[in-house]
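Residue numbers (the working numbering), protein chains in the order written: chain A, 1 to 793; chain B, 1 to 159.
Possibly wrong hints are sitting among the right ones.
[Unchecked claim] The list that follows gives simulated cross-link-like pairs (lysine to aspartate or glutamate, DMTMM-like), each with its CA atoms no further than 25 Å apart:
hint: 1; chain 1: A; residue 1: K667; chain 2: B; residue 2: D33
hint: 2; chain 1: A; residue 1: K722; chain 2: B; residue 2: E42
hint: 3; chain 1: A; residue 1: K270; chain 2: B; residue 2: D33
hint: 4; chain 1: B; residue 1: K2; chain 2: A; residue 2: D106
hint: 5; chain 1: A; residue 1: K537; chain 2: B; residue 2: D26
hint: 6; chain 1: A; residue 1: K667; chain 2: B; residue 2: D146
hint: 7; chain 1: A; residue 1: K667; chain 2: B; residue 2: D26
hint: 8; chain 1: A; residue 1: K722; chain 2: B; residue 2: E129
hint: 9; chain 1: B; residue 1: K2; chain 2: A; residue 2: E658
hint: 10; chain 1: A; residue 1: K667; chain 2: B; residue 2: E129
hint: 11; chain 1: B; residue 1: K2; chain 2: A; residue 2: D181
hint: 12; chain 1: A; residue 1: K9; chain 2: B; residue 2: D146
hint: 13; chain 1: A; residue 1: K270; chain 2: B; residue 2: E129
hint: 14; chain 1: A; residue 1: K722; chain 2: B; residue 2: D33
Honestly, the hints are just simulated from the structure, not real lab data.
Predicted model only: the values in this text are computed from it and were never measured.
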Amino acid sequence: MTELKYIGKETPRPDGPDKAAGRAHYIHDLSRPGMLYGKVKFSEHAHARILRIDTSKAERLPGVQAVITAENTPEVRIGFIRDNFALKKGKVRQFRDEIAAVAAIDADIAAEAIDLIEVEYEALPGVFTTEEALADDAPLVHEIDPRGRPRNDNRLPLRFHHESGDLEAGRAAAKHIASGDFSTPVIQQSCMGTAGCIAEFDLNQQLTIWAKTQIPFLAQRDFNQALADMGLAGKNARVIVSALGGAFGSGLDTHAYEFISILLAHRTGKPVKIVYNRDEEFAYLSPRQSSQVSITQGCDDEGQLTFREIQVWQDNGAYTSWGATFPTVMMLPATSLYRVPNIFFDAKLVYTNNTYCQAMRGYGNPELAWALESNLDDLAEAAGIDPFELRLRNCNQPGETTPMGLKVTTCGLKECLQTVADKIAWPQKRSQGKRRGVGMASLFHVGGGGRIYRSDGTGMILKLDDFGNVNVYFGGVEMGQGMYSALSLAVAEALGVKPEKIFINPTDTGTCPWDVGTHASRGAFMACNAAIAASKKVRARIFERARALFANEAKKNLKKLHKKNPDFKAADFDVEAEARNGEFELQDGFVFLPAAPDESWLRVDLSQLLRAIHFREQGEMITAEAFYDPPNELPDWEKGYGNMSATYTWGTQGVEVEVDTETGEVKILHLVAAHDVGKVLNPQTLKGQTYGALAQGIGYALYEEVLSEQGRILNPNFRDYKIPTVAEMNFPIDLEFIETNDPEGPFGAKGIGEPGLVPTAPAIANAIYNAIGVRIHDLPITPEKILAALKNK
Amino acid sequence: MKIDLSFTLNGSPINTSVAVDRRLVDLLRDELDLTGTKIGCEEGECGACTVLVDGQAVNSCLFPAPEVDGKHVITIEGLGESDNRLSELQQAFVDQGGIQCGFCSPGMILSARALLNENPNPSQDEIREALGGNLCRCTGYVQIVDSIQTAAARENSDD
Chain A
1 MTELKYIGKE TPRPDGPDKA AGRAHYIHDL SRPGMLYGKV KFSEHAHARI LRIDTSKAER
61 LPGVQAVITA ENTPEVRIGF IRDNFALKKG KVRQFRDEIA AVAAIDADIA AEAIDLIEVE
121 YEALPGVFTT EEALADDAPL VHEIDPRGRP RNDNRLPLRF HHESGDLEAG RAAAKHIASG
181 DFSTPVIQQS CMGTAGCIAE FDLNQQLTIW AKTQIPFLAQ RDFNQALADM GLAGKNARVI
241 VSALGGAFGS GLDTHAYEFI SILLAHRTGK PVKIVYNRDE EFAYLSPRQS SQVSITQGCD
301 DEGQLTFREI QVWQDNGAYT SWGATFPTVM MLPATSLYRV PNIFFDAKLV YTNNTYCQAM
361 RGYGNPELAW ALESNLDDLA EAAGIDPFEL RLRNCNQPGE TTPMGLKVTT CGLKECLQTV
421 ADKIAWPQKR SQGKRRGVGM ASLFHVGGGG RIYRSDGTGM ILKLDDFGNV NVYFGGVEMG
481 QGMYSALSLA VAEALGVKPE KIFINPTDTG TCPWDVGTHA SRGAFMACNA AIAASKKVRA
541 RIFERARALF ANEAKKNLKK LHKKNPDFKA ADFDVEAEAR NGEFELQDGF VFLPAAPDES
601 WLRVDLSQLL RAIHFREQGE MITAEAFYDP PNELPDWEKG YGNMSATYTW GTQGVEVEVD
661 TETGEVKILH LVAAHDVGKV LNPQTLKGQT YGALAQGIGY ALYEEVLSEQ GRILNPNFRD
721 YKIPTVAEMN FPIDLEFIET NDPEGPFGAK GIGEPGLVPT APAIANAIYN AIGVRIHDLP
781 ITPEKILAAL KNK
Chain B
1 MKIDLSFTLN GSPINTSVAV DRRLVDLLRD ELDLTGTKIG CEEGECGACT VLVDGQAVNS
61 CLFPAPEVDG KHVITIEGLG ESDNRLSELQ QAFVDQGGIQ CGFCSPGMIL SARALLNENP
121 NPSQDEIREA LGGNLCRCTG YVQIVDSIQT AAARENSDD
């Protein structure tokens, strides 16, 4: 690649103007002719038998067009291991279980009808902690597994395990050891735009669903399975994604409300819209999973890590989402952040009668980083080594293969550590006293896709038209992160046209090629790589056709020039001969010969050449398709081995805090985030994405927790569930992007969507320890926990 | 029960009727098809539904629709220039990266508009105070504050 014209330049995002004008259309803003409003009746118990459901009053309410339950609809199984149902039959296993649903001519009538549905329950004892769930006499959340076989306990049939080296030898070699139990809470993705969908059947029984999803093609597969369950085998679900008001992982599963919309739309023959309000979003949509992590690490006198032992317990809630596979991502830092020769990692998941959880940004990584990086500071203290120094001594290196078999191509961790130390004024600020302190923590994450499914691929179609426009068809999802920005710059750069000629079409399984989903920080990495591959094909075909057509178009240009200016003297140049060589260049929307790049008549507008290719006998249109599937492996999760990503991303964050020991309040004074991003694609969107991740990291560290009691969520609103406001985000932030130019990255770039929030919480906790000498083990770090820890010090 | 209303919406007089229990956000979104005003929480906590009523930023999810009678209401649809261009304030949000998913943007921009109308040259702290009721989950607010500072500077240089 020669000099980059668009990549790396500060560029406003293409979807910005419509969003600033209030003209982006989210699911809340869409309607269809004849559309009905759906509403779900949720369980009032965490664990109970359903004795009777009486829907007669709801059915009689004028304006109600359908009332459905599991009794009067086909069984539609959903979920990652198909242990969940669109509508529940026989018993409920969590407070949010969907029992019935209505479709009505307006939202008020639908809500009124829901209140008229009477349900009689027989309450059952529930299990609400992993300990309760694992007790010998624990009530079973599921009596049978998805295949109908009896179950004996509440453990999930999922196993995530890794052992490498010789743990006992590593323990024996350790001169210093630190152990700790750490926990993270359930938190809510808190998208500003809540969840919702519209389902509509045509008279051929084909389904179109406008969904708030990050996985349109896996959703298509799930919905098609549901259609088969409904007796419509062979029919298709077309999934269209409207503007998303954030997603942050909440769109990585298909959800019961979507299947309920489908059932209601099919029952009524009309489009049915279900949109969650904020209370429903908090109480009935799956939040981020909690975690309990026990960790022990040891090092020798030089500070070299000799072993790491990690046991994870996970409260899965009542059903299983893709998010239950979050130990796959925990395993990455567990095995591969810093060089550790002897490792044990194991994660076990259990069913409880709590709300079932799903993915959120980072997908297990922040949970593990919390334990690992907090514990590392404890180890540094035990060894009498500065925590920055300890990290440097164990720093990963380019070219290494980690114990999990992860192949490190590029690694900017050392630069990240050093940059943070410099910017945060380490070590001066380590000993400033006055209840102020600094801390740091690092991260390791997938940066080149993340193979958790058979295909980690993405397709790209570029369709050029007679006006030189480039229509892009891509199956990934813009949810606010700025993918359209990265993608339009990548196409412009790789193809040689101006960004304003790039049009990214809405994500639609009916028009776009397959993509596994916008997750694992893979969006820009995948999209841009696929765009480069498709652009190469487009250029090759245009240049091939230009051999025969270019000279004629150039001569037309010359004719026009002569008409304007009869004295114009063209340089002596055999354009036919040069064109026949087939050596062309395309830049800024002009095709030219490298031998004469500046001769104006020899610069043929791309649209002119495209028309020449199109409008002739046996003409053709230029469209190219590419499918990029990165060079990575689907790991064996029971062995914990396999190169999951084509490249990996690194980062370090440093924080300076001041702690009020009277109130327990933590004030952030300064934050430095240094990230190995491979290559900056668009500084503006990269900074925005990182600032936003930091805010989520700070929320995770200090404020956020979904509180529940016996499975009932207690704070389902923004009054009682606090996300950072502009008041909390009021301190200097230094973002430092380390460019390591990864060979597999598009223009050298790595994925960076999730990493910004991964090490924030442990960096803050380590700074708090430095400031006041107390170690907090359980997120969030509330003033009450600080005061209690100070009291016990 | 419906009552008649006359008010000025984005500079144009409008006569309509509305059920007495409707909120301003319902009137705007459901009756007048102005979907730029977003519903984020319906209890005044998130600010996504912020509009201007007689120049003041209000949460339209808490504002009874009948109370706009005789008043001037500005929504995000009314901020742009007449020839399908963004206002300087909106353009600053685009230019400075103040927009990501865009769901909070209309409310954020109208809170900023109310501030700049009162105080054309706000300090960072004053900007932060004015945005205290507007939640954003994407941006960490940094580029939003930048956007408003840029807008203030541009608007002042026009004078």
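Results for each hint:
no. : hint            : result
1   : A:K667 / B:D33  : 44 Å, violated
2   : A:K722 / B:E42  : 16 Å, holds
3   : A:K270 / B:D33  : 21 Å, holds
4   : B:K2 / A:D106   : 17 Å, holds
5   : A:K537 / B:D26  : 50 Å, violated
6   : A:K667 / B:D146 : 22 Å, holds
7   : A:K667 / B:D26  : 40 Å, violated
8   : A:K722 / B:E129 : 17 Å, holds
9   : B:K2 / A:E658   : 56 Å, violated
10  : A:K667 / B:E129 : 18 Å, holds
11  : B:K2 / A:D181   : 61 Å, violated
12  : A:K9 / B:D146   : 18 Å, holds
13  : A:K270 / B:E129 : 46 Å, violated
14  : A:K722 / B:D33  : 31 Å, violated
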